[in-house]
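Colleague: Work the whole structure out from these sequences, hints included.
If you read the protein sequences in the order shown, they are chains A and B. Read in order, the letters of the first sequence correspond to residues 25 to 315 in this note's numbering. Read in order, the letters of the second sequence correspond to residues 105 to 248 in this note's numbering.
Calculated directly from the structure, the hints in this document are not laboratory data. Computed from a prediction, not measured in an experiment: that's the story for all the values here. Don't take each hint at face value.
[Claimed, not checked] Using C-beta positions, here's what the derived DEER-type ranges look like:
id : chain 1 : residue 1 : chain 2 : residue 2 : range
1  : B       : I176      : A       : R200      : 33 to 39 Å
2  : B       : N147      : A       : T137      : 42 to 48 Å
3  : A       : N293      : B       : N147      : 24 to 30 Å
4  : A       : E239      : B       : E181      : 40 to 46 Å
In this text, a Cβ means the ideal position worked out from N, Cα and C, and glycines have one as well.
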Amino acid sequence: MTVEKDLMDSTEKAPKKKPAKPKGRVIVVTSGKGGVGKTTTTANIGTGLARLGFKVVLVDTDIGLRNLDILMGLENRIVYNLIDVLEGRCRLQQALVKDKRLPNLTLLPAAQTRDKSALNEEHMVEICKQLREVADFVLLDCPAGIEQGFQTAIAAADEAIVVATPEMSSVRDADRVIGLLEAKNTIEDYRLVLNRVRPALVKMNDMMSTEDVLEILSIRLLGQIPEDKDIIISTNRGEPVVNIEESVSGQAYRNVAKRIAGEDVPFLNLDEPDSWVDKLKALFKGSRKQA
Amino acid sequence: MFKQLLNLFGLTTLEQANITTNPLDKHFDADDASNSGRSSAYNRLRLVLMHDRTQLEPHVIEAMRDELVTVISKYIEIDKQDIELNLETDPETNQVALMASIPVKLKRDAVDAVKEAIVKDLETPAVSKAKSPTKATAKSTNTN
Numbered sequence: 025m026t027v028e029k030d031l032m033d034s035t036e037k038a039p040k041k042k043p044a045k046p047k048g049r050v051i052v053v054t055s056g057k058g059g060v061g062k063t064t065t066t067a068n069i070g071t072g073l074a075r076l077g078f079k080v081v082l083v084d085t086d087i088g089l090r091n092l093d094i095l096m097g098l099e100n101r102i103v104y105n106l107i108d109v110l111e112g113r114c115r116l117q118q119a120l121v122k123d124k125r126l127p128n129l130t131l132l133p134a135a136q137t138r139d140k141s142a143l144n145e146e147h148m149v150e151i152c153k154q155l156r157e158v159a160d161f162v163l164l165d166c167p168a169g170i171e172q173g174f175q176t177a178i179a180a181a182d183e184a185i186v187v188a189t190p191e192m193s194s195v196r197d198a199d200r201v202i203g204l205l206e207a208k209n210t211i212e213d214y215r216l217v218l219n220r221v222r223p224a225l226v227k228m229n230d231m232m233s234t235e236d237v238l239e240i241l242s243i244r245l246l247g248q249i250p251e252d253k254d255i256i257i258s259t260n261r262g263e264p265v266v267n268i269e270e271s272v273s274g275q276a277y278r279n280v281a282k283r284i285a286g287e288d289v290p291f292l293n294l295d296e297p298d299s300w301v302d303k304l305k306a307l308f309k310g311s312r313k314q315a
Numbered sequence: 105m106f107k108q109l110l111n112l113f114g115l116t117t118l119e120q121a122n123i124t125t126n127p128l129d130k131h132f133d134a135d136d137a138s139n140s141g142r143s144s145a146y147n148r149l150r151l152v153l154m155h156d157r158t159q160l161e162p163h164v165i166e167a168m169r170d171e172l173v174t175v176i177s178k179y180i181e182i183d184k185q186d187i188e189l190n191l192e193t194d195p196e197t198n199q200v201a202l203m204a205s206i207p208v209k210l211k212r213d214a215v216d217a218v219k220e221a222i223v224k225d226l227e228t229p230a231v232s233k234a235k236s237p238t239k240a241t242a243k244s245t246n247t248n
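Modeller: The structure is reproduced here in structure tokens:
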């Protein structure tokens with residue numbers, strides 16, 4: 025971040041040299057289908073970027089169904105929320121909740137006692153305009169569905185992260201979302217995070233592979249996250265899995281954060297060596313098919 | 105006796121070899137893959153998304169099919185029962201195309217005429233063959 029700041033300072037002095045983007049990037053995390061890991065992805069990518077030294081603000085746009093605070097373990101620190109800011113009950117700075125560990129990471133929580141109509145597209149654009157002045161990355165956690173809540177969340181974004189799992193219903197909904205993102209010409213770029221990948225099942229031809237999903241959706245991959253019990257455990261502790269060094273899914277999210285920051289990181293090889301149980305299963309499966 | 109034994113032995117080893125490199129095994133593998141949850145999910149999804157993306161409901165395709173039958177029947181006799189109208193994707197370009205397979209009914213004498221034309225075509229010298237108009241007719245009506 026300091027390097028980036030220096031770069032920005034030098035461009036201000038000599039603007040002809042390199043027209044660097046002076047403001048932070050606004051990225052919406054969306055999926056269409058609910059329960060595929062949008063909020064988990066938002067929390068982990070945001071924390072991952074903050075770990076790299078960037079100034080990050082996470083915005084929960086799921087008014088009435090907020091959850092990002094729980095995933096970040098910040099539910100007890102909320103005083104004001106997004107709607108309070110909009111309705112003038114507090115300043116933007118007062119509503120930003122600081123992360124427990126990373127001082128450059130903050131959360132702008134959603135209102136839990138209101139509904140989606142309390143937030144409209146103009147509000148979103150205005151809030152993001154202010155946030156991108158103070159942050160390198162503004163991550164918007166989008167509500168499920170493709171109705172007004174979704175349209176509101178994507179209204180202010182420059183980029184999108186589409187989250188899907190390798191299941192038919194999730195991929196179908198992701199395809200709808202991609203269509204809507206393409207129709208929105210303010211979105212410059214979008215990539216896929218494929219969540220809950222199970223390499224063992226892919227190997228047995230029981231589940232679509234990452235390549236299958238990429239081909240069907242004709243989308244570029246930002247990262248694949250393996251199904252991992254560490255995510256459940258860390259979520260229960262209110263700690264994004266990206267902070268757990270030895271976790272595979274944490275590593276996958278750390279890589280995603282680096283890719284967003286522009287680093288060229290190879291994709292994780294999720295194939296694990298066959299356990300004897302897998303081999304036995306394969307044997308049984310083969311004999312059953314031939315019988 | 106010894107030869108017989110060797111023969112027997114040779115035969116069995118050959119059979120064993122046959123089993124391991126049996127093309128049927130390959131077929132089984134392919135069969136397994138095409139019946140797998142992975143490929144059925146993949147194929148079903150492709151079909152669903154093609155309809156989603158074109159926003160064509162199955163009944164719209166039905167209506168289009170009926171109209172096509174009416175129009176084409178004006179000019180040529182077709183087999184109305186066996187018409188297939190499907191959306192397909194070119195796997196390389198991802199371009200969606202509407203594919204129609206319309207079997208053309210040929211009358212008995214028409215079939216004979218085609219056959220005759222082919223025979224005539226074969227009898228003509230190779231040089232004129234390529235430009236032979238009878239061949240062109242044979243080709244265009246040879247859909248049955």
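Colleague: Hint by hint, note whether the structure agrees.
Modeller: Against the structure, the hints:
1. B/I176 <-> A/R200: 33 to 39 Å: 35 Å, holds
2. B/N147 <-> A/T137: 42 to 48 Å: 46 Å, holds
3. A/N293 <-> B/N147: 24 to 30 Å: 27 Å, holds
4. A/E239 <-> B/E181: 40 to 46 Å: 41 Å, holds
The structure is consistent with each of the numbered hints, conforming to all of them.
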